[in-house]
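Residue-level listing of the chains:
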Amino acid sequence: MNNHLVEAEELQAWLDKELDPARHEEVTEHVASCRECATLAEDLKQVSAALQQWEVEAAPDSLRPPVVILEEKPRRRWFSLRPVLAFAGTAAIILAIAAISIPNLMRSKMSSEQAAEIARNRQTEMDALSRSVNQPGAPPPADSPRARVAPPAMETSPAKPKTFGLSASQKLEKDTTAAEESADIAAAISGAPAGAVMRDSMSKRAASDEAGGIAGRMERERLGSGIKTSTRRLASKRAMTELKSAPQPTDAEAGLFAPTVDALQRRKLNEAVARQRSMLAYQANLTVEVENFTEAKREVRKITREASGYLEQSNLGFRRDQKATATYQLRVPPEKLEATLDQLRALGRVTSDRLTSEEMTDQLLDLAARLTNARATEKRLLLVLEKRTGKVREVLEVEREISRTRQEIEHLDARRQAALLRVAMASVSVTLIEENNEQIQGITPGSARRLLKALGEGFQSFSGMMLALALFFARWGLHLLFWSFVGRLLWRWWLRPLTRTLEANQI
Amino acid sequence: MKQRSDEELMLDFKRGEEPAFRELFARYKNPIYGYIRRRVNDPSRAEDITQDVFLALVKNRNGYEVRSSFRTYLYKIAHNRVIAEYRKRKPEDPLPENPGAAPGSDPLAVEQVREALGQIDGDQREVVLLREYQGLSYDEIAAVLEIPVGTVRSRLFRAKMALRELLAPSWAEGA
Chain G
1 MNNHLVEAEE LQAWLDKELD PARHEEVTEH VASCRECATL AEDLKQVSAA
51 LQQWEVEAAP DSLRPPVVIL EEKPRRRWFS LRPVLAFAGT AAIILAIAAI
101 SIPNLMRSKM SSEQAAEIAR NRQTEMDALS RSVNQPGAPP PADSPRARVA
151 PPAMETSPAK PKTFGLSASQ KLEKDTTAAE ESADIAAAIS GAPAGAVMRD
201 SMSKRAASDE AGGIAGRMER ERLGSGIKTS TRRLASKRAM TELKSAPQPT
251 DAEAGLFAPT VDALQRRKLN EAVARQRSML AYQANLTVEV ENFTEAKREV
301 RKITREASGY LEQSNLGFRR DQKATATYQL RVPPEKLEAT LDQLRALGRV
351 TSDRLTSEEM TDQLLDLAAR LTNARATEKR LLLVLEKRTG KVREVLEVER
401 EISRTRQEIE HLDARRQAAL LRVAMASVSV TLIEENNEQI QGITPGSARR
451 LLKALGEGFQ SFSGMMLALA LFFARWGLHL LFWSFVGRLL WRWWLRPLTR
501 TLEANQI
Chain H
1 MKQRSDEELM LDFKRGEEPA FRELFARYKN PIYGYIRRRV NDPSRAEDIT
51 QDVFLALVKN RNGYEVRSSF RTYLYKIAHN RVIAEYRKRK PEDPLPENPG
101 AAPGSDPLAV EQVREALGQI DGDQREVVLL REYQGLSYDE IAAVLEIPVG
151 TVRSRLFRAK MALRELLAPS WAEGA
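Those sequence lines, one after another, are chains G and H.
Start counting the first sequence at 1; every next residue gets the next number (the numbering used here).
Start counting the second sequence at 1; every next residue gets the next number (the numbering used here).
If we strip away everything but chain G, and leave its shape as in the complex, we get (with noise of 0.2 Å):
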């Protein structure tokens, strides 16, 4: 435009007074001493003064301002009160759980640490006293319950009892005690003459004692509690040692059993004692929907009979969706046990099944310890009573003692008696349910059947879906909380300005 220092855009801010200071005056004084800037502002001055011809009329009367309602702004805090609460709560749902679970977690790590601690220390323990029984060299007993019920393989010795203290007489007296009982004992279990047992034990007796000492702390810790003397816990596993050699006693010799006992029963239960494979009671329970029930029950005798059992009990009804029910309570030997149960299971579909089996030798070998005591005491009783030296205060009191006495070993004998049946037959409950009678017999339920077994599924999908929904805000609902915390902090600071803004900009 021109070669001015001046340039041309600057004299329209310079009619502005748009330039600074500085600038401005050096503009004014070129344009004093320039005719063509001079020019050039008066005519941008000419077209300035054009354009402020055109004036628009005033704003309409009718033009008032907008009705403000301002809606009273609440006291601002310098921290917001609401965030804070949010995450006061949250943190004191959280330590308030971590205040429960944490101290229950710590205990059941304790429990277990401690209870692990507790068994590898009697492990320890059992080990190196087992290896002290067994002879040298010999392996130490395996770790299973029937080896720990099998007698110690050793030379059958009846050893002689810890008699710490003891005079010389009072030994011999507590020696021969030891070896009563033992005989008894071995004579109670096996119905092997008494005397014959004690013969063959006294004449072994001759055996290390230090070896009877730690084998009858052995079988205490093994067997556990309930045992009085040591001496009658481990003539109990002498006796049970002899019976491995003994003969198969006969229905006569048995003195095991009381005179109303089934013969086949003896026979069943001495056959188990006098193997000593196993002390175990065993008991099964099976549940079995069958289609065809009459059959069913026909099939249970049947499998019942050719394993050698009996029926204990038996009881027919209906459920409440009526369903025929039979409840069988069976008596098989332990040794046909698993076959029955195959049998039983094959009968139909199984819906429910548990075999337990419960440890007998302890409760058994006490029972028969505490009935050779109390046989024992009956007899010097009677003996006492024989001498009638005393007064006859005193003679009644021994009679009162030996009735109390013969009613203790009847009840002895009996809780035996049951004990050894449990271990000589194995227990099974057997119970048949019919299946559904429409499906069998073809029959099409009804529609009010219908309708009441979809709104039956209904309801339970609807449990399920709430209990799903309740599983799922359990488990993120923490997270949920905090997240939805957290985006409200940030709405608050950062997308609530920016979106007025925009709103702003927009209109």
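Please note: incorrect hints may appear among the correct ones.
[Unchecked claim] What follows is a set of in silico ranges between Cβ atoms, one per label pair, in the way DEER data are often shown:
#: 1; chain 1: G; residue 1: 474; chain 2: H; residue 2: 18; range: 45 to 55 Å
#: 2; chain 1: H; residue 1: 87; chain 2: G; residue 2: 49; range: 26 to 36 Å
#: 3; chain 1: G; residue 1: 7; chain 2: H; residue 2: 123; range: 19 to 29 Å
Calculated directly from the structure, the hints in this document are not laboratory data.
Ideal Cβ positions, reconstructed from N, Cα and C, are used throughout, including at glycine.
Position chain H against the provided structure of chain G, taking the given hints into account.
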């Protein structure tokens, strides 16, 4: 009594002082109406749009930052509102056919000015309207249109030069 500045009034209004808003309305009612009236045919429509501008001011009063000029803030709202109104109109008719001349003005002169303004570039026209009729400074125009100050200066100069060429014959006739 010292008159409060526009910024002070706006801050008072933010705090809930309703008379401050009425004062601001009184100050800017005519300038905003004139700004919009030069772009809208119908006076009642211009009145509505002016009302919308002040309503937006009320609604977004919390978005006003004290560091920005109130006049800039208000004209920015008005400019955005006008842009929205333009979107509804035909692009070839950027100025109202009814120019809204004040009583006593020369209709012919107004028509000549309107016609000349209609022939220049739209960006340049916008700068001219804000500068010549609303009296905004270069910085304020730059803030409203969101362009650099140098661009404002150059657009304004070019617009003036173009208008000089368009209006020169009418001056010659007048002369």
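Checked hints:
1. Separation of residue 474(G) from residue 18(H) is about 51 Å and conforms to the stated range, judged on CB atoms against 45 to 55 Å.
2. A beta carbon spacing of about 34 Å between residue 87(H) and residue 49(G) agrees with the range 26 to 36 Å that was offered as a hint.
3. The beta-carbon spacing between residue 7(G) and residue 123(H), approximately 20 Å, falls within the hinted interval of 19 to 29 Å.
In terms of the numbered hints stated before, the structure departs from none.
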